[in-house]
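Novice: For the protein sequence lines, the chains are Y and A, in the order given. Read in order, the letters of the first sequence correspond to residues 1 to 502 in the numbering used here. Read in order, the letters of the second sequence correspond to residues 503 to 1141 in the numbering used here.
Misleading hints may appear alongside valid ones.
[Claimed, not checked] Partial list, computed: chain Y residues near chain A (C-beta under 10 Å): (1) F231; (2) I420; (3) A477.
By construction, these hints were calculated from the structure, which means they are not laboratory data. The beta-carbon is built from N, C-alpha and C at its ideal position, and this holds for glycine as well.
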Amino acid sequence: MDNILTLFVVIPVLTITGILFLKDTRQVRLVAAFGMGLQLILAAVLVFLYLTARHSGNTAEMLFVKDVLWFKSLNIHYAVGVDGISVAMIGLTSIVVFAGIFASWEVEFLTKEFFVSLILLATGVFGFFISIDLFTMFLFYELAVIPMYLLIGIWGTGPKEYSAMKLTLMLMGGSALLLVGLLGIYFNSSPTGGQLTFNILEISKVTIPMSAQRLFFPLTFVGFGVLGALFPFHTWSPDGHASAPTAVSMLHAGVLMKLGGYGAFRVAIFLMPGAAHELSWIFIILTSISVVYGAFGAIAQKDLKYINAYSSVSHCGLVLFAVLMMNQTAMNGAIIQMISHGLMTALFFALIGMLYGRTHTRMIYEMGGLMKVIPFLSVCYVIAGLASLGLPGLSGFVAEMTIFVGAFQHHEVFYRVVTILAVSSIVITAVYILRVVAILLLGPTTNEHHEHLTDAKWFEKISVVTLIGAVAAIGLAPFWLSTMIGTSLHPIVDKIIALNPF
Amino acid sequence: MINFSYTIWIPLLPLLMFLFLGLAGHKYFPKLSGIIGTCGLAIITILSYITAYKYFFTSEKIDGAFQKLTAFNMVWLQFTDKLHIDMGVLLDPISVMMLVVITTVSLMVHIYSLGYMKGEKGFERFFAFLSLFSFSMLGLVLATNIFQMYIFWELVGVSSFLLIGFYYQKPSAVRASKKAFIVTRFADLGFLIGILILSFNTKTFDFITLTNPTGTAITQGGGAAFLGLSIMTWSMIFVFMGGVGKSAMFPFHIWLPDAMEGPTPVSALIHAATMVVAGVYLVARMFPIYSIAAPVALEVVAYVGAFSSLFAAVIACTQTDIKRVLAYSTMSQIGYMMLALGVSGYGGHEGLGYMASMFHLFTHAMFKALLFLGAGAIIHAVHTNHMTEMGGLRKYLPITHMTFLIACLTIAGIPPLSGFFSKDEILAAAFEHNKILFAVEYAVAGLTAFYMFRLYFSIFWGKETQYHHTPHEAPYTMTIPLMILAFGAIVAGFIPFNKLVTSDGKAFESEIELMIAIPSVLIGLLGIGIAYIMYKKENAIPDKLATTFKYSYKWAYNKFYMDEVYLFVTKKIIFRYISDPVAWFDRHVVDATMNGIATVTQTVSFRIRGLQSGQLQKYAFVFVTGAIMLAVLLVYLWK
Chain Y
1 MDNILTLFVV
11 IPVLTITGIL
21 FLKDTRQVRL
31 VAAFGMGLQL
41 ILAAVLVFLY
51 LTARHSGNTA
61 EMLFVKDVLW
71 FKSLNIHYAV
81 GVDGISVAMI
91 GLTSIVVFAG
101 IFASWEVEFL
111 TKEFFVSLIL
121 LATGVFGFFI
131 SIDLFTMFLF
141 YELAVIPMYL
151 LIGIWGTGPK
161 EYSAMKLTLM
171 LMGGSALLLV
181 GLLGIYFNSS
191 PTGGQLTFNI
201 LEISKVTIPM
211 SAQRLFFPLT
221 FVGFGVLGAL
231 FPFHTWSPDG
241 HASAPTAVSM
251 LHAGVLMKLG
261 GYGAFRVAIF
271 LMPGAAHELS
281 WIFIILTSIS
291 VVYGAFGAIA
301 QKDLKYINAY
311 SSVSHCGLVL
321 FAVLMMNQTA
331 MNGAIIQMIS
341 HGLMTALFFA
351 LIGMLYGRTH
361 TRMIYEMGGL
371 MKVIPFLSVC
381 YVIAGLASLG
391 LPGLSGFVAE
401 MTIFVGAFQH
411 HEVFYRVVTI
421 LAVSSIVITA
431 VYILRVVAIL
441 LLGPTTNEHH
451 EHLTDAKWFE
461 KISVVTLIGA
471 VAAIGLAPFW
481 LSTMIGTSLH
491 PIVDKIIALN
501 PF
Chain A
503 MINFSYTIWI
513 PLLPLLMFLF
523 LGLAGHKYFP
533 KLSGIIGTCG
543 LAIITILSYI
553 TAYKYFFTSE
563 KIDGAFQKLT
573 AFNMVWLQFT
583 DKLHIDMGVL
593 LDPISVMMLV
603 VITTVSLMVH
613 IYSLGYMKGE
623 KGFERFFAFL
633 SLFSFSMLGL
643 VLATNIFQMY
653 IFWELVGVSS
663 FLLIGFYYQK
673 PSAVRASKKA
683 FIVTRFADLG
693 FLIGILILSF
703 NTKTFDFITL
713 TNPTGTAITQ
723 GGGAAFLGLS
733 IMTWSMIFVF
743 MGGVGKSAMF
753 PFHIWLPDAM
763 EGPTPVSALI
773 HAATMVVAGV
783 YLVARMFPIY
793 SIAAPVALEV
803 VAYVGAFSSL
813 FAAVIACTQT
823 DIKRVLAYST
833 MSQIGYMMLA
843 LGVSGYGGHE
853 GLGYMASMFH
863 LFTHAMFKAL
873 LFLGAGAIIH
883 AVHTNHMTEM
893 GGLRKYLPIT
903 HMTFLIACLT
913 IAGIPPLSGF
923 FSKDEILAAA
933 FEHNKILFAV
943 EYAVAGLTAF
953 YMFRLYFSIF
963 WGKETQYHHT
973 PHEAPYTMTI
983 PLMILAFGAI
993 VAGFIPFNKL
1003 VTSDGKAFES
1013 EIELMIAIPS
1023 VLIGLLGIGI
1033 AYIMYKKENA
1043 IPDKLATTFK
1053 YSYKWAYNKF
1063 YMDEVYLFVT
1073 KKIIFRYISD
1083 PVAWFDRHVV
1093 DATMNGIATV
1103 TQTVSFRIRG
1113 LQSGQLQKYA
1123 FVFVTGAIML
1133 AVLLVYLWK
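Bound conformation, chain Y alone (with noise of 0.2 Å):
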């Protein structure tokens, strides 16, 4: 059991190597299935462990803990473990590639280095999540961005070079900054003049100077940001999605961009909750700012995938604004908005890689009136979209209001009022939602090449289905969710509070 987050990394690489053994077709998809069926399964079987081991009483920090010296002269270490936190987390990315490989049944181009990319990429994600030193984290988060690019330019569409480059080099340049501000952890990591360290949990014991963290925060935050579409650094993701296959457009969107959000909190705030605390007004007001900017940016789009990236964009803004208000209800909300985010969006662009693969279109206005002729689909991008803007019963309602409630709770009056324009989001949202699902779905059929499209197909069926049933159970049973990441979530924000008396 104790090696159990390591299975995490070790099953990925082991179906990858399976996958370049095999010629046919057929077998690459049906071991790529079952790789990350068994990885889900191994999810299930985490949360389950997990959740056991906290009911018997085990209050430690991370649990799972492996740590093995890797690269003695920096003091580098592989080391892993989980929280309630990063074990929700892993239960999205598990879930959201499971869909994903289903959602790419139909990969007829380079199919073998297709999965292989695909899965090398869940690789770092998987890495990113369970590694508790700064120095692997960070590893594994470049090893993910980089078959992105090969993913996009290879197997994408449109403008795919530009996009793949444009999103590339955006990514790396936040890198660049992260890479900057991690060492700067790293070389406060020890005031007092012992061993320097990357691991997390011993950084968090100590206090980093301030005028370090003034320097390193924006630059670790900003790093992160820019995956998590900070505006004005958020561009990359309508062209990057526009033109990335649907399977990436799920992981990258539903996955890679919550790396942005689980970095910022895990290690910008975290660590330096007294920069960020000082420096919290310029980035809600960022944060803020995507969120409006990002809903109202929706409205006018034509192409599906730029909605939805627009609508990305906006609901990844409020991650990271609920992760700046910094008290225990509003990050909660944000750790829960970005698991809902993740399956709604990868449900949005599974569906909308569905309706491409039929009618080789994504601008609104070719298409009309599908609800007659695909029914199944139709109905799932409904449900999409209710989840979307926020309908009780589905996760982005449980999100939304948990960030909304806790934002409202802090004591100054600016955050409060800024929250009230965060709100206000919840309408634009509902005016591009139904204004695309009354365009594409309702009415007349108005093409007389989609009469006769055929409904979803079975692989489809299991791909949307399981994104459902997820966004289905946090919003109609949050309560468990909620407390597991609330329980972990209790020590950081009292960590956070201790070094920052309000």
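Starting from the known structure of chain Y, fit chain A onto it as the hints suggest.
Specialist: Frame of chain Y; chain A shown alone:
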């Protein structure tokens, strides 16, 4: 103590029905789903009646007051130690009364729909959505805390959206459903902000804690002042904004007439009897706070209600689509209920308005559902919504005619029908509180009688229209609900609301005041009389009047151009002046900056790459030159 824990099944059963019909209905038993849905509803109707009986007649009263009982409660989502969303069942006089209203009307609508929707495509979908609506509405009225109410508030919104857009291939229905959702969503934003402010101030969502007249939420004072009003007042105004949207009060009323695009049974259930009164229910639920801690907000309620009732009554006099007339009439009647709450005080006889409002809510549900279902039977028979294309239908539709007449007399306030009693109480409450509002409502009573009988005479009397097919009476599944509701509309007035549903739960004495009752009946008769002269037989008076008051008629006919105002705001401002510029800005400023950085990097790298030419001579030349220069520099510095 009586055990009420079974009441959790009242909302749960429709939820199960929804899931069952929604997931399995269309595959396995499309025809049976109507019967299944109706049977399920019949069960919860019986449960509700039992609950009402047990609550009102056998439960223990403390100090002569009905208690608020929490029959069931569980934590659904924990925010902080004190703030948590619970899911539960709260029983008190108004929620039990609403149970009876909702289940009765819903059951009638279910039975009626068996006939009305027969053979429609999506029959099972219709019943699945009806179940979803019933679940949401019951959850709303039984909510134990304001956040639970908000959750179900959103859910009734989406059920309404789905049902208005039931004929999803019809563009007008799609537009109407979208409009309804977005307008109410905007109003709900106010509700949510209100909840946030309220919970920040009081640190609780729980209704019992919040509305306890001696509890801290009310007695702590209003909090800091902002723009001259206390924070408490602001939060209650924001909360009321949600009610304004859902109850289609001015200025958020514009979705209601368009919502008539939905199937007529839906209009009867959602847009007449139950969902649209949610705003009234909300104010009633929070009433102690309004009354004691935020009286200014209560004034707002009164004026919004009064204005809406007058505004809608004027428009109703000019419309020709029978469902739209009824929609404006609904808005007007809900305005009455709002006004009644607004002029009420808390406790004893002071709370007359509160009681009258709930009383009117009850009677209105009966007669307005009856009117809509009657209108459905008429539309079913003649296949048009426009009263200009109808006339002389009394011969063909005898049952519909009689029940419709009863409903019209009820809404006009003719004794001893139920509308007379409830309206009379409202007028009495208004009279005691505010004479101007009383005068407005008095005029509206006359207008109401006029436009209802304009409708009645145009449909059933008036000109003898030639129909393509001879209209025939609706099947029994449709006429039986009409008769049951007509019976309800007749007798509901004799229910002693002053003993059962009062602001503080205690009974008080109230009697018909002849001072108010006689003039109100007279103005009702006057309205009927004018309608009789103008519309009983086809004549030129209506047209003459329309040309004489050309401009005011035109304004009223076009609903005072409110739709155009909204269209201007949404299309022009939001789409053209905000969204499009934002999208442009994003592409041409933000993104262009990022691309600009890339271009600059690329250009610079092109320029300086000449340095790395790979030619040894060049490198040697640069090296030697540099070395010499350095040497010179060093020598120079050494001196």
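Novice: Can we keep the I420(Y) interface hint, with Cβ of chain A closer than 10 Å?
Specialist: holds (6 Å)
Novice: So, as I understand it, the hint says A477(Y) touches chain A; can you test that by seeing if any CB pair is closer than 10 Å?
Specialist: With a closest approach of 8 Å, the A477(Y) hint holds.
Novice: Less than 10 Å between beta-carbons is the criterion; does F231(Y) satisfy it with respect to chain A?
Specialist: holds (8 Å)
Comparing the model with each numbered hint stated earlier shows that all of them hold.
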